[in-house]
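If you're matching them up, the sequences are chains Y and Z in order.
Per this note's numbering: the first sequence = residues 1 to 111.
Per this note's numbering: the second sequence = residues 1 to 113.
Derived from the structure by calculation, the hints contain no laboratory data.
Every value quoted in this text rests on a predicted model; they were computed, and no experiment measured them.
All C-beta atoms in this analysis are idealised placements derived from N, C-alpha and C, irrespective of residue type, glycine included.
No false leads were mixed into what you were given.
With a straight-line Cα cutoff of 30 Å, these simulated DSSO-like cross-link-like pairs (lysine-lysine) come out:
#1 Lys9/Z - Lys45/Y
#2 Lys42/Y - Lys70/Z
#3 Lys9/Z - Lys57/Z
#4 Lys70/Z - Lys57/Z
#5 Lys2/Y - Lys42/Y
#6 Lys98/Y - Lys2/Y
#7 Lys45/Y - Lys79/Y
#8 Lys70/Z - Lys98/Y
#9 Lys42/Y - Lys57/Z
#10 Lys57/Z - Lys98/Y
#11 Lys45/Y - Lys57/Z
#12 Lys71/Z - Lys9/Z
#13 Lys9/Z - Lys42/Y
#14 Lys45/Y - Lys71/Z
#15 Lys98/Y - Lys9/Z
#16 Lys42/Y - Lys14/Z
#17 Lys71/Z - Lys42/Y
#18 Lys79/Y - Lys42/Y
#19 Lys2/Y - Lys57/Z
#20 Lys71/Z - Lys57/Z
#21 Lys70/Z - Lys9/Z
#22 Lys42/Y - Lys98/Y
#23 Lys45/Y - Lys70/Z
#24 Lys71/Z - Lys98/Y
#25 Lys110/Y - Lys45/Y
On the chain Z side, residues computed to face chain Y include the following (Cβ under 8 Å):
#26 Gly40
#27 Met41
#28 Gly42
#29 Leu45
#30 Gly58
#31 Phe90
#32 Glu101
#33 Gly107
Label pairs and their in silico Cβ distance ranges:
#34 Asn65/Y - Ala2/Z: 32 to 42 Å
#35 Gln69/Y - Leu22/Z: 30 to 40 Å
#36 Gln31/Y - Lys71/Z: 22 to 32 Å
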Amino acid sequence: RKEVEQDPGPFNVPEGATVAFNCTYSNSASQSFFWYRQDCRKEPKLLMSVYSSGNEDGRFTAQLNRASQYISLLIRDSKLSDSATYLCVVRAVEYGNKLVFGAGTILRVKS
Amino acid sequence: NAGVTQTPKFRVLKTGQSMTLLCAQDMNHEYMYWYRQDPGMGLRLIHYSVGEGTTAKGEVPDGYNVSRLKKQNFLLGLESAAPSQTSVYFCASSIGQAAYEQYFGPGTRLTVT
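Given these sequences and hints, build the entire structure.
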């Protein structure tokens, strides 16, 4: 089983739609959680950290469910510029405090 | 600030050839990392460094060597390239441990024929 699993998609949505991605992780000792965004043929960039209480940044909301070991990302009012691959990332002491990346979920927003 | 830069951007090697990928950062970060990214797989850590003069193995270190002689530079070497090393290589740096944001370079696309 992969340490971090994501639905690869692609998710094809119209502009203005709300879309949600889920990610599951296998190590219950995971301590930190992040969403990174990667544009086509570009480097990953941090989108947001994920906190236990959930957190929001504009149109983006991230939530963590430790009991079920999953993380979610909700994007409201999708824009064409949101088209990218979204990477779920976790850190656990068992991984030597290093980050473990999911393979990513592809989002395509169409007009 | 340029952030994290990588050279070269593209390279084609024949099996058995060697090469060095250079990563440079101007943010005075202590931690630097080399990843490879393959289709359908997440970024996988090859080697990392927690400071000048130190290196450590990551998840997939075989076939690669690294050096961190200067704080701002992290070199990744392939001594004898194999087709399985065809990939996109990303360098990253961070202020501290992996909990901190990692800043990535633009990547190097390597093809081994």
